[in-house]
Structure formats: structure tokens, C-alpha cells
Amino acid sequence: MNVIATTDETQEKHPLEDYLRVDRLPHIWCPGCGLGTILGAFLRSLLESGLPPDKVSVISGIGCTGRVAGYINLDSFHTTHGRAVAFATGLKLANPELKVVVFSGDGDLAAIGGNHLIHAGRRNIDMTILCVNNFNYGMTGGQFGPTTPETARSTTSRAGNIENPFNMPALAAASGAVYVARWTTAQVHQMQRSITEALLKKGFSFVEIISPCPTYYGRMNRQPTGLDQMRYYRSNSIVRHGANPNEVGVGISGQIVTGKFIDVERPYMPGPGNGDNGRQT
Amino acid sequence: MGRKVGIEVSIAISEAVKLANADVVAAYPITPQTHIVEHLAELVASGELDAEYIPVESEHSAMSACLGAAATGARAFTATAGQGLELMHEVLYVASSMQLPVVMVVANRALSAPINVWGDHSDMMAVRDTGWVQIVVENGQEAVDNVLCAFCIGEDKRVLLPVMVHIDGFHLTHVVEPIVLPDQADVDDFIPPNEYPLPLDPARPVTMGSFGPPVIYPEIKKRQDVVLRESKEVILENWQRFGEAFGRYYHPVEQYRAEGAKTLLMTMGSTSETAMDAVDRMRDQGMSVGLLKLRLWRPFPFEELLQAVRDADLLVVVDRAISFGGPAGPFCSEVKAALYNQDKKPKVMGFVAGLGGRDIPVGGFEAMVHRGMEIAEKGGGEILETYGVRE
Ligand code: SF4
Chain Z
1 MNVIATTDET
11 QEKHPLEDYL
21 RVDRLPHIWC
31 PGCGLGTILG
41 AFLRSLLESG
51 LPPDKVSVIS
61 GIGCTGRVAG
71 YINLDSFHTT
81 HGRAVAFATG
91 LKLANPELKV
101 VVFSGDGDLA
111 AIGGNHLIHA
121 GRRNIDMTIL
131 CVNNFNYGMT
141 GGQFGPTTPE
151 TARSTTSRAG
161 NIENPFNMPA
171 LAAASGAVYV
181 ARWTTAQVHQ
191 MQRSITEALL
201 KKGFSFVEII
211 SPCPTYYGRM
221 NRQPTGLDQM
231 RYYRSNSIVR
241 HGANPNEVGV
251 GISGQIVTGK
261 FIDVERPYMP
271 GPGNGDNGRQ
281 T
Chain X
1 MGRKVGIEVS
11 IAISEAVKLA
21 NADVVAAYPI
31 TPQTHIVEHL
41 AELVASGELD
51 AEYIPVESEH
61 SAMSACLGAA
71 ATGARAFTAT
81 AGQGLELMHE
91 VLYVASSMQL
101 PVVMVVANRA
111 LSAPINVWGD
121 HSDMMAVRDT
131 GWVQIVVENG
141 QEAVDNVLCA
151 FCIGEDKRVL
161 LPVMVHIDGF
171 HLTHVVEPIV
181 LPDQADVDDF
191 IPPNEYPLPL
201 DPARPVTMGS
211 FGPPVIYPEI
221 KKRQDVVLRE
231 SKEVILENWQ
241 RFGEAFGRYY
251 HPVEQYRAEG
261 AKTLLMTMGS
271 TSETAMDAVD
281 RMRDQGMSVG
291 LLKLRLWRPF
301 PFEELLQAVR
311 DADLLVVVDR
321 AISFGGPAGP
331 FCSEVKAALY
341 NQDKKPKVMG
351 FVAGLGGRDI
361 PVGGFEAMVH
371 RGMEIAEKGG
381 GEILETYGVR
391 E
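These protein sequence lines are chains Z and X, in that order. The numbering of the first sequence is my numbering, which starts it at 1 and goes up by one. The numbering of the second sequence is my numbering, which starts it at 1 and goes up by one.
Here chain Z stands alone, though its shape is the one from the complex:
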């Protein structure tokens, strides 16, 4: 009996199937990786937001998260490493009616593309950034990056990282983001609700999602399976809406402060009218 290639014709279609390029599946993500959970949550948020899918564009950079652009059945662009936000800026300014979403990893957004991130925040470009933070460069084999906690081990910090990491919500807030939130993949409902809010927010919205990379970060830091990392998130995450982003840094162990930290209004680009920046006169 051929058990591998059977399909049950009567079986109902997966509810998100219309939004995925099923011909590109199975995906390349490792078992236990958090990326599938986040992609699912994003697609449900998209439906929940009521945004017309043909007016939504998803931009990715390079890395494991970058693969999203190839799996999602929306207009998408897989940019070169670090340039997702710069590309998205051009896209949004040239076609203001699009909802532009940048779906990328911490290495892409905060290291090689860090400059674009802070300047898009400063200009308050109307786009949503979904920053998947797995604390290392997964795709190239688990090197430490701009978010790797101090003392964490990686393939390029065998004896423990000695660098001070970025606290991503603080970076986004300091850059000028009008919406800043953080969740872990163990908080799927909150994450989903938050992504919906971010999608509907006018201006630069930033959601950090802390996600397991069992293959590298987890394995090298005593949480060898995705489940170990999820258990850690579940028992250590606390929700503190409105927390000062400067006080939510993440270490190698201990508490992970999650929640919606910033939700303010500020003139954004491109504004609601032709050529303005949304400033009320």
C-alpha cells in the first residue's frame, strides 16, 4: 500500500490553503521551529483584519524567516539580505493603497538591515514589521547576531557571547514606531490579536515574536527541542502592557516581558491625502 502519496478527496481543505502556495510545500523549516506557528497566526490576523488580500504585499529579507515570501500566496518579494525595509518603503510610497508587511528575522532587520529599520521608524512609514527573533542566524548555521543574549553560545561564540544585544522593542520605539508589541510563539492568540492591531494601525508598527530555533539556538543553549523552548516561554513570559520598552531586555534565562508596549498616534508617510504626511492642520 502506498501510504505516502494518498490524498483524501473528501477531506476538507485547510482553512488557510488559499493564502499559501501549496505547490511550494512542504516548507524547509526544521521540526520544532516556530516559523510555521507565526505564519499561521499572521494569515489568521490577515483574515481577521478584513484587509483585502489583493491589497496586501509581504516583503522578506534573507534567512529562515525570509522563506515566508515564497510560501505565502500574496504579492510578495524576497529581497537581498537586509533590504526588506528599504524595498518596502519604495513600494509603499509608490503605491500608498497597499498594506505593506515586512516579515523578516532579527539578523536581517537588526544587523545587515538595521539602518533601514531605524530610518523607516523615524519617518513613520505606514508599514507593519513582523520581526521573528530566534536570537541567532539560523539559516547559515547558528552564528550569534545582534539579538543573541550575553553568555549565550552559538557556532561563533563557543565560549559564550560577550556582546550586548539589541532590545528590539526599545530600538523600534526609539526609532519612532507608533505601535510596538512583543509576544512569544507560546502566546498564539495574543500574538494574532496584536498582529491584527498592527495591520490596522496607521504608521510604523512593529511586532517582535520570540520564536524557537531548536536546531541551533536551542540546542546550543540547553533547550534542545522546540518543545523545551516553548515550555520555557510558557513558564517565563509575563504580560505587561504599557511597560517601558527600555526595561524589557531579554537575557539567556529569566523573565520575558511581553505585551503591547507602545500605541500612539503620530503623523505618518504617506499620509491619507496626496503628498501629505497625515499631520492634522
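It is possible that part of the hints are untrue.
[Stated by the list, open to error] Sample of chain X residues with no beta-carbon within 12 Å of chain Z, all distances over it, derived:
no., residue
1, Glu38
2, Gly47
3, Ala113
4, Pro218
5, Glu244
6, Phe246
7, Met276
8, Glu304
[As the list claims (entries may be wrong)] Going by beta-carbon spacing under 10 Å, a handful of chain X positions derived as facing chain Z:
no., residue
9, Val24
10, Tyr28
11, Pro29
12, His60
13, Ser64
14, Gly68
15, Gln83
16, Ser112
17, Gln224
Think of the hints as simulated: they come from the structure by calculation, not from any bench. No residue lacks a Cβ here, since even glycine has one placed at the ideal position from N, Cα and C.
Start from chain Z and add chain X with the ligand according to the hints.
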């Protein structure tokens, strides 16, 4: 005389950098180069290599950090590939113009878009004119040996130029080969200390890279070209010294069963080993076919090339990069340019093959030779002749 070990080529390259006692390694991960800098991180962490390891935030920063280090007289190393090399582009010119002898291994990789992590020579060709000494190797042993030579060549006071060692991504970086790793004492004897003549030093302040207005800029550029061309003597000298010390000799244009051959296949990099098999097969069939492998890409070895092709009627040049809208393949157009002013010269047929990691099998080289002969005889042929590409 060293020990022969079964080792991944990338790891062997890191061991060579350790043997060369690099002072500074700046690194950013990129496939298929990453294992090189990853293993260097291990060597630094374990104390086996006493160096500063700087994991920067992009390749542009990696090269910039290497320049800073080299400007103080430190021995600086980095490795990259494909898009990473492209992102470094502007700094590459600064390295050669400022005569800062950085050594870099490039794991040759195709360029975006679409994203492709596999090997070809597009990245190498895009940096052809950056003023670096560029050496192309075909296997792991050659990579190790030439990384050692690269430090001697670049740091020689008659040269003081950055050096790239090109190795094919995946075909070399990710394979395990039997490689002789030389003994530390022998390498210490072979590589002289780096005595950079005018380092940044607060006791003797110098300014580097400040304005070069039209009144001086052309002279600086002319001089830069002269230094790169003249570096060939030092390269030959060091390859000779290396051969005497370690028993493996290198030449700007390597020949394989080329004596008396009427048709010469020409290759660069790891595909040369496949091409050797193809030449064996064709020789067995009684065909007069040999192989030339270009080892030194910059400075271009004009004399050695002309010498090597003097008896041939036909050259079949295989490029692993396209010059879009131009003369098809960059390697082929260099060969043609080198021959143009000669009275007696062979015909030259260029092919583009093996883009983005597509395999060139032994039969592929045979097919290109046959097609090249056919065009040479009957005329015709396309501006861009490709092998193994669907229409
Ligand atoms: S390497 Fe890490 S981030 Fe990448 S797919 Fe595997 S688990 Fe996920």
C-alpha cells in the same frame, strides 16, 4: 613536512589562516563560506589562534574592519561569497587603492535574483577590476597552499596589495578531501612577519585616503596599475619558494596534457578537475586536445598565456559567468583581448556553462570541444554559446 588529513576544505582553510597566525578576523555569515569563519571562531575561542575575532553586522562592515586592522599593520583575514562580496564592493577598491594587504577567501557563488546559493563565477567577475591580486584554485590542497602564499604576496613591500583566493562554493567548500596541512615551524619559516611600512601609529601620525583631486588622482591610479602588474614577479617568486619548501608548485597558467595539442580547453576553478577527465577521454580517442587552467586571474598572465597557446589552432574557453549584453563570457573576452595583437593566433570559441551550481559533467566538456571545433570549421555559432541550458 606536515600531516595528511581527511578534512572539509573550509575547515582546512581556517587551519591555514591559523598557521599563518592572522591577527584579526572580521566575519559575517553567508552560505557557502560560513564554515570558514565559524571554525576560526572556534580556534580563537579555544586559544589556538591568538587573534581578535570581530563578528560584524554585514559584509560591508567586515571588509571595513579588515581595512582598519590592516592599516595598523595587523594581519587581517575575512571570507565571503556572492552577495556578500557584492556588498563589500566599494570597500574592495579602497583596500587596493590604500595598499592594505588583507587576505580574503571567496567561496564563489551565483548572484541574485533569483536567490541562488550555489556556485558560479558571477561574483568573481563582478570584482575583476577592483585592483586585488586574484588567485583561483581547483581543490582543497591548492586552497590551503594559496592562502599561505597570499599572505606572503600581499604583505611583500614591493606589493602591499589585498589578495583574494577564489574557491568554488559547495564544490570545494563543503567537500572532504585528503589535504596536507603543513607544520607550524615550516609555515613560520615561509611567511615572514608583516612589517607594514606606514601603519597608523599615534607616534608617527599619517593620514590615509584623504582627497585626491584631478591634479594627483590619475598618477595614483597609474601607479596602482603598475604595482598590480609588477606583483606578478613576487607571486612567481613566492610560488617558487613555496614549491621548494613544500614540494607543490604553482603557475599562472597550468597545463594538462597540453603539449602539441591543436585544441586547448580553458577553465578556471574546480571544474578543471572534471575537464581533465574529459581531456583524458578525448586523448584516448586520439584527439589532439589538452587543457589550460588559469590560476592567476589578476594580474592577468599575458606572457604565460601567449606562451601556452602558441602551437594551438583552437581555444575552447569555458566561463561560469555571463557578461549580459556584452561579449558573452568575461574569461573568454580576456583571452581574446590578450591574443588580438598577435600575428599568429588560434581561433577562440567561448561557452557559458555551470551557472548557479548547474553541473558540468565530463561529457559536457567533450560536447563543448566538439561544438567549438564544428563552429571553428564551418562558421556560425551564437554570440552567447551555452552548454546545458534549456531554450
Ligand atoms: S534553523 Fe532554526 S530558525 Fe531556521 S528553520 Fe531551523 S529551527 Fe527554524
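Hints versus structure:
With a least beta-carbon separation of about 5 Å from chain Z, glutamate 38(X) fails to lie farther than 12 Å from that chain, contradicting its non-interface assignment. For glycine 47(X), the shortest C-beta to C-beta distance to chain Z comes to about 10 Å, within the 12 Å cut-off, and the non-interface label is violated. Listed as outside the interface, alanine 113(X) is inconsistent with that label: its C-beta sits roughly 8 Å from the nearest C-beta of chain Z, within the 12 Å cut-off. Distance check for proline 218(X) against chain Z: the nearest CB is about 34 Å away, which clears 12 Å, and the non-interface claim stands.
Even its closest Cβ contact with chain Z, about 37 Å, leaves glutamate 244(X) beyond 12 Å, as expected for a residue assigned away from the interface. Non-interface call for phenylalanine 246(X) relative to chain Z: holds, since the shortest CB-CB distance, roughly 31 Å, exceeds 12 Å. Distance to chain Z confirms methionine 276(X) as a non-interface residue, since its nearest Cβ pair spans about 32 Å, more than 12 Å. With a closest Cβ-Cβ approach of about 38 Å to chain Z, glutamate 304(X) is found to remain outside the 12 Å limit, as its non-interface label requires.
A cut of 10 Å between beta carbons decides the hint on valine 24(X): the least distance to chain Z is about 15 Å, and the hint is violated. For tyrosine 28(X), the suggested interface contact is upheld, since its CB lies about 7 Å from the closest CB of chain Z, less than 10 Å. Contact between proline 29(X) and chain Z, as hinted, is supported at the beta carbon level, the nearest pair being about 4 Å apart and thus within 10 Å. The interface hint given for histidine 60(X) is met, as the beta carbon of that residue sits about 8 Å from the closest beta carbon of chain Z, less than 10 Å.
About 13 Å separates the beta-carbon of serine 64(X) from the nearest beta-carbon of chain Z, more than 10 Å, and the hint is not met. About 18 Å separates the beta-carbon of glycine 68(X) from the nearest beta-carbon of chain Z, more than 10 Å, and the hint is not met. Hint status for glutamine 83(X) relative to chain Z: holds, with the closest Cβ pair at about 6 Å, below 10 Å. Satisfaction of the interface hint for serine 112(X) is found here, the shortest Cβ-Cβ separation to chain Z being roughly 6 Å, below the 10 Å cut-off.
This hint is violated: glutamine 224(X) has a C-beta 30 Å from the nearest C-beta of chain Z, more than the 10 Å allowed.
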